[in-house]
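Given the structure of chain A, go ahead and fit chain B onto it with the hints provided.
Protein chains in written order, with my numbering: chain A, 1 to 113; chain B, 1001 to 1115.
Hints may contain errors.
Claimed, not checked - List time: in silico DSSO-like cross-link candidates among lysine-lysine, alpha-carbon distance up to 30 Å:
id	chain 1	residue 1	chain 2	residue 2
1	B	K1053	A	K100
2	A	K37	A	K5
3	B	K1070	A	K71
4	A	K56	A	K37
5	B	K1057	A	K68
6	A	K56	A	K71
7	A	K54	A	K37
8	A	K68	A	K54
9	A	K71	A	K5
10	B	K1057	A	K37
11	A	K100	B	K1055
12	B	K1070	A	K5
13	A	K5	B	K1057
14	B	K1070	B	K1013
15	A	K37	B	K1055
16	B	K1018	A	K100
17	A	K5	B	K1018
18	A	K37	B	K1003
19	B	K1070	A	K100
20	A	K54	A	K100
21	A	K100	B	K1003
Claimed, not checked - Some chain B residues judged to face chain A by a derived CB distance under 10 Å, without partners named:
id	residue
22	N1031
23	C1091
24	Q1104
Said to hold, decoys possible - What the simulated footprint calls covered on chain A by chain B, stretch by stretch (three residues with Cβ under 8 Å from a Cβ of chain B suffice, anywhere in the stretch; the number is not a length):
id	segment
25	14-23
26	58-69
Just so you know, the hints here were simulated from the structure itself, not pulled from any lab data. Owing to the predicted nature of the structure, the values given are computational and were not obtained by experimental measurement. Cβ coordinates follow ideal geometry from the N, Cα and C atoms, glycine included.
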Amino acid sequence: DQQVKQNSPSLSVQEGRISILNCDYTNSMFDYFLWYKKYPAEGPTFLISISSIKDKNEDGRFTVFLNKSAKHLSLHIVPSQPGDSAVYFCAAGFTGGGNKLTFGTGTQLKVEL
Amino acid sequence: DVKVTQSSRYLVKRTGEKVFLECVQDMDHENMFWYRQDPGLGLRLIYFSYDVKMKEKGDIPEGYSVSREKKERFSLILESASTNQTSMYLCASSLLTGTRLDTQYFGPGTRLTVL
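Isolated chain A, as found in the complex (with noise of 0.2 Å):
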């Protein structure tokens, strides 16, 4: 049972547009969601969460919104740049679960000059 899901698997952005990145959860109990940032051959860099508490959260570039009714959050990147392009994992815990977390399948971002 796939708690966490990224339905896309890859999206493909011109350089300096908006890059959007969505990401769908199952248990109401998760309370923090956390974005990471993968390239090849490295291990996945955190790059931005939000809490439950809050709708949005927002640093430089990326901005993560959280609509906890609809059980989805999303990731923006404004502009794009060619240097953004990564597989972007979206992640979900909760506070007390001993910071186990559940990732989601990721999406390969690719942006384009």
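Using the frame of chain A, we list chain B on its own:
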């Protein structure tokens, strides 16, 4: 900077061999994790440990075991490697404050091929 290192970047083993994957972190983190990454399946948690000599099963523990004798080191063991264990293995570590989730820091991964 947090550093998580894994003993090998690439490993080729034969079916039935016993395989050890080692992970070391240098930030005194309580939590350590082992994941495998497969195309279309994302990262799946195999085992994790929140203290020395403690271990908890993740989502896919079958065919694996772990060892944590020292706080900084977490080993993943494939008792008898099989071809369906060919994968990218990722180790991670994090603090455990008990009040909020802490960022997991990942190692570079070990690409294991079982022939």
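Verification of the hints:
1. B:K1053 to A:K100: holds, 18 Å
2. A:K37 to A:K5: Given that 30 Å is the threshold and the Cα spacing comes to 16 Å, the pair holds.
3. B:K1070 to A:K71: Violated: B:K1070 and A:K71 sit about 39 Å apart, past 30 Å.
4. A:K56 to A:K37: holds, 19 Å
5. B:K1057 to A:K68: Satisfied, since the Cα-Cα distance of roughly 29 Å is no more than 30 Å.
6. A:K56 to A:K71: Holds - the C-alpha atoms of A:K71 and A:K56 are around 14 Å apart, at most 30 Å.
7. A:K54 to A:K37: Cα-Cα ~22 Å, so holds.
8. A:K68 to A:K54: holds, 9 Å
9. A:K71 to A:K5: Satisfied, since the Cα-Cα distance of roughly 11 Å is no more than 30 Å.
10. B:K1057 to A:K37: holds, 25 Å
11. A:K100 to B:K1055: holds, 12 Å
12. B:K1070 to A:K5: violated, 35 Å
13. A:K5 to B:K1057: holds, 22 Å
14. B:K1070 to B:K1013: Answer holds: B:K1070 to B:K1013 is near 26 Å, not above 30 Å.
15. A:K37 to B:K1055: Roughly 27 Å separates the two Cα atoms, so the pair holds.
16. B:K1018 to A:K100: Cα-Cα ~27 Å, so holds.
17. A:K5 to B:K1018: violated, 34 Å
18. A:K37 to B:K1003: holds, 17 Å
19. B:K1070 to A:K100: Status holds; Cα separation ~20 Å.
20. A:K54 to A:K100: holds, 21 Å
21. A:K100 to B:K1003: holds, 20 Å
22. N1031: holds, 5 Å
23. C1091: Where the cut-off is 10 Å and the nearest Cβ of chain A is about 8 Å from B:C1091, the hint holds.
24. Q1104: holds, 6 Å
25. 14-23: violated (count 0)
26. 58-69: Coverage by chain B is violated for the segment 58-69 of chain A (0 residues, Cβ < 8 Å).
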